[in-house]
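Produce the complete structure using the sequences and hints provided.
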Amino acid sequence: MDDRKLRAEVRAFAVRTMAALGLRPRCDSWMVSHSPEFSRALAARGWVGMTMPSEYGGHDRSFLERYVVNEELLALGAPVAAHWFADRQVGPSVLRHGTEEQRRRYLPGIAAAERYFAIGMSEADSGSDLAAVRTRATEVPGGWRLSGAKIWTSHAHRAHSILVLARTDPPAERRHTGLSQFLVDLDLDGVEVRPIATMDGEHHFNEVVFHDVLLGEDALLGARGRGWEQVTAELAYERSGPERFLSTMPLLRALMREADCAGPAVGSLLAELRSVRVLSYQVAQMLDQGRVPTVRSALVKDLGTQLERRVVEVACSLAPVRPDPHSADELPRLLGEALLHNPDRTLRGGTNEILRGIVARDLVGSSAGRLVP
Amino acid sequence: MDDRKLRAEVRAFAVRTMAALGLRPRCDSWMVSHSPEFSRALAARGWVGMTMPSEYGGHDRSFLERYVVNEELLALGAPVAAHWFADRQVGPSVLRHGTEEQRRRYLPGIAAAERYFAIGMSEADSGSDLAAVRTRATEVPGGWRLSGAKIWTSHAHRAHSILVLARTDPPAERRHTGLSQFLVDLDLDGVEVRPIATMDGEHHFNEVVFHDVLLGEDALLGARGRGWEQVTAELAYERSGPERFLSTMPLLRALMREADCAGPAVGSLLAELRSVRVLSYQVAQMLDQGRVPTVRSALVKDLGTQLERRVVEVACSLAPVRPDPHSADELPRLLGEALLHNPDRTLRGGTNEILRGIVARDLVGSSAGRLVP
Amino acid sequence: MTGAVRQVVEGLLSDRPQEVPGQGWDEELGRQATDALADAGWLGVGLPEKLGGEGGDLADVIEIVDAVGSIGWPSPVADQLLISNGLLEHAGVARPSRYVVVVPALGSANADGVTVTADAVPWAPWATHLVVVSPAGERTATLSLVEPGHAHLRPGRTLPGAPFAEVRLDRAPALSTTVVGTAATDLIGFVRSLGSLSRAVQSRSALRRIQELTLQHVRMREQFGRPLSAFQAVQQHVAALAGEAAAAEAAIGQAIDGMTTAADVVDGPRLATARVRAATAAREVVRLAHQLHGAIGITREYELHRHTLALLAWRAEFGTEREHAVQLAEAAAAAPDLWSWLLDES
Amino acid sequence: MTGAVRQVVEGLLSDRPQEVPGQGWDEELGRQATDALADAGWLGVGLPEKLGGEGGDLADVIEIVDAVGSIGWPSPVADQLLISNGLLEHAGVARPSRYVVVVPALGSANADGVTVTADAVPWAPWATHLVVVSPAGERTATLSLVEPGHAHLRPGRTLPGAPFAEVRLDRAPALSTTVVGTAATDLIGFVRSLGSLSRAVQSRSALRRIQELTLQHVRMREQFGRPLSAFQAVQQHVAALAGEAAAAEAAIGQAIDGMTTAADVVDGPRLATARVRAATAAREVVRLAHQLHGAIGITREYELHRHTLALLAWRAEFGTEREHAVQLAEAAAAAPDLWSWLLDES
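If you read the protein sequences in the order shown, they are chains P, Z, U and B. Numbered per the working numbering, the first sequence spans residues 1 to 373. Numbered per the working numbering, the second sequence spans residues 1 to 373. Numbered per the working numbering, the third sequence spans residues 1 to 346. Numbered per the working numbering, the fourth sequence spans residues 1 to 346.
FYI, nobody ran anything at the bench for these hints, they're computed from the structure. Check each hint, because a few of them may be wrong.
Said to hold, decoys possible - With the Cβ distance kept under 7 Å, some of the chain B side facing chain Z (calculated, not the full set): (1) GLN223; (2) ARG226; (3) GLN232; (4) ALA233.
Backbone N, C-alpha and C define an ideal beta-carbon position, used for all residues, glycine too.
Take a look at the structure:
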């Protein structure tokens, strides 16, 4: 695919728009750098909701084109957090599992970067064990009553809606049955958003508490009791993208400009970057073919997040500056920001241990013994 | 402790004796470098069976003195494999669990480096699961009948005896009950020693098969059914010694002489060497105090064998030579020898995964949360 | 007085919260808590009474550092006890006030006054006195006490929020000047070794505390119906963490073994080993502890992050891991025999 | 002809055991097996028929290399197909005999004959012809074919036992000389890139086979009453191994992507990436595979060790991991923009 033209357009747009908005490149920008202005300008160029059909406000583009756009944005550390989760996970889920009415209600706003979503999966006591979810949706006349609390919901205080995994029915022999997904607007009565401060000094995490929130029947996304399967399918989108290995690219670019990097440590990082990029790109190709490459996605996230961590460690060792997230200079600032996020890179989107379990069980179970293709 | 005098004596002896016997320093010498002549000369100086009482031919020295002697021998890559296993494990076990008759029968030969022992623990199908041992000792009039096979027995083809773990009684609720230890001479009828060739091209491993071998009553070491506890106590001796981090010292010494080593990679190895030495030395101190520091020993082996592996990798990266176990030059020869053993360093004496299980269960079970002691 | 010291210090500090909830450490609250320690005389421990100290040896000092460190907030106590008291004892100068900050760069002192520039001096913004080392004769140096009001400070903060400052003195008046029988460059080296010692000892406290927190967490927390500690993958991480912590503990232990006061510190392979191993352990222990804790570990409401941030900052102060490793490798390469060097025989 | 080639080659080789039990690979048996392949024409694949080859493209060549590599014994086939045929095709020289060994060092050729010295030339002891590259004009080189009888060989063996030799030619007569329109230093660089390609492709076969062997092992083998694969600690290792193998696979894939013959090889970041990633994967995959296999893995009776030894040897041939990594870092540092360089835009 010759994507040079698209890349050049995105690059020029992002540099210009960030400058106009006074926004600097940041590491982990897809998590921490939230700018509705930037997101809306991006959407106006057709670069949000790209793979959605035009009848819902999307642009009928391929996953590979979306991949190219996101790579360029992340490599520049562009402020994409506002629309990121809605575009990455909620859009495809609503498109796949939603009713026609739900699609019409949510997708145009997502594609216009007017409607932002938080993801309500984890709970204080569930950790990686989603089947232990205790948030409960009870059927009531005309809809559902939702009660419980979700934690680690990024930017819920700035989002319009949240996609909630809740228990609707008791578990059967398989613990994962009885879960369902709900589309919940955050301005409903009984929804409380509590900030969680993190060690980077920022507020992006929240606890979202549902105090007997009343939902209409149309809040249920997909089939009742099929929430687990729907979430699992989402993970292939969530785990394989360029945000799993490019979160620290702004730091590496600054390091290459300002430090002596012509040694084996940086060379090894570059080889890994090129390799993981190939794997991630292959996942986008598979998504275009309608496949759900769960295992390959888990591998990308495992390798990619380890790479990001190594980038930060090598930068700490080679950069002639003290990490300082508050510095006016770029290299110490990026180094400080990235270092503060190093402990959570391999936790995001399922700990790497959970990912490895997925990979191993698939490999050991398959008779071929080869990696999924 | 001022050990300089002892160190100087051992060093001078080893250099002189190796030269006289035409033996070169080798990596992993305690596994691969077998010289009865060297071992007997060492014993004549009182440096084998050091911690055993003099009434059994030993020398009433402390574990710290033994530690110092062994450090010096390993740092020089001296040929100590012949007496190593008898001195390290069998001597202390016979002293602790043996009858007076067994002590008189075996210990003087061990201390004189006239009697070498192989260790018969693993079996082809047991792996790290010693409770799955299928070698069986059946009580018969006047003694026992032993049948089964032990694998990975180092130097059994050059040893006089083997210490065998066998099942004497069916397992009870606890799978580890019903095992017992036996002292078996390798020249008995029905004992067959089959060589196992390894990828270093050497023959040190064997399979030892017992075809209904008849043993006297006095072959049982310690209490019937207590073999598991006895073996576990041995492991503290086996896992904590300087052979767990000094196996590659001859290579590192050659590397420092011949390559440019003044960089951070070697500095990091040196810091680790100094640190693990302290931990290993502390275990010897505990042994002198009569304690059995199982967990601390497991840590030494885990850290030490990882360090040895890193020494070889760093040497591969810095040495300006091709690894060649057959080279007449020292650095390529040591590099080749050490590289061929890199895959098994972290398997010897219980895989590192098993060791980590021991450490974790102890830590998590203890209320203090501090490392022993 | 083992154990008792720790108990008293922890008691003094536990009465004084140092954070504004959700905002992290508050410098003013931290100052009040530390003032209380200073008022009770704890900052004079390790310094002989004739120099205005409270007496006590390195073991006592370390107990105080451990007590302060186990809480995990930024604190100047380790540097006061190890750097400032170490230099004051060596020079025979009495402790002049509450927070004596040594400028770890070569100054010059003459009739016009004291001049020096130093980058990122830890806790300089809290200084009640500054100490400057300047050359005197070939084998002597002067120690000048200067009031911090004369200094130009350009302040900054480390990752966990500890204040530091670039310090510039331009012909500032000295309150007092003492001549010491050590060459000034050696004395600056000595100060940096004291700093290195301080960071090593602090790191040990933090590593211990992280191990405690992690063991508590995996014992208490359940997933899939069992405590985390029951999972093999968790056990492997716990053991790896314990191994790193034990190795760092051993490395720091051998660096201070045989010392009776901070002033006994020697810039050599033992201290460099402690710093390299502590830095490696910091990286690995932080990684593993957070992996085992999950997202709770990076929140401000849970204690782990304080130790994480401290460790990440300390490993680059008074020499980086890389610098200390190169120092070791160069020393070993220059030695006639590696093995003798490892045994400190030569 | 996908799949069929592999089947035929594996069939040819499986009929011919190459080891003496317990003694490892036997060079004479290996020679007989490889002769059989050569006699059947397989060493001409990838070379056009007009140059005495059998035709076929890089995909066919790789299928043969994979078939040979999955068995794991030392073999000159990869170098014959990738290095020798690659250079012959580039130069338009016909394949003269069974084992054409290219000397990867700059020679000199004149009326007196051909002179060259090269260290550790893989498979030189098997050569039926040697090829020497010498400067001609500024932008041209000569390719000389020399009978190996004229060479002084100082033979050696790699870790897995593959023969190599220091090759010295001193004014040896050339059987034929061809002028090529490429500068001689560039042509030697090209030969080294072909060698690097050969090692990358071989490594991929070995990594794949190790993964297969390891998955078989953890599925079949039981401990504590359950298959190894049921243990979480084992699963973590298996997944780490698979990740390393997949990353190396991707790296090698992007290096050969778009090539139709070995002669298309370019010495650039893609090839260096393949070698660096393959070397890292070799180290990690070997470590993990042996950890999962236990002691059986290092025995001669089990296949794993063949691939282990091969990988450990290959990673240092035609450039080490370190050299390739430095090459990458220097290229990136010299590029105006890192990101464009990563995308191969510039």
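Earlier hints that do not hold, by number: Those not satisfied are hints 2 and 3.
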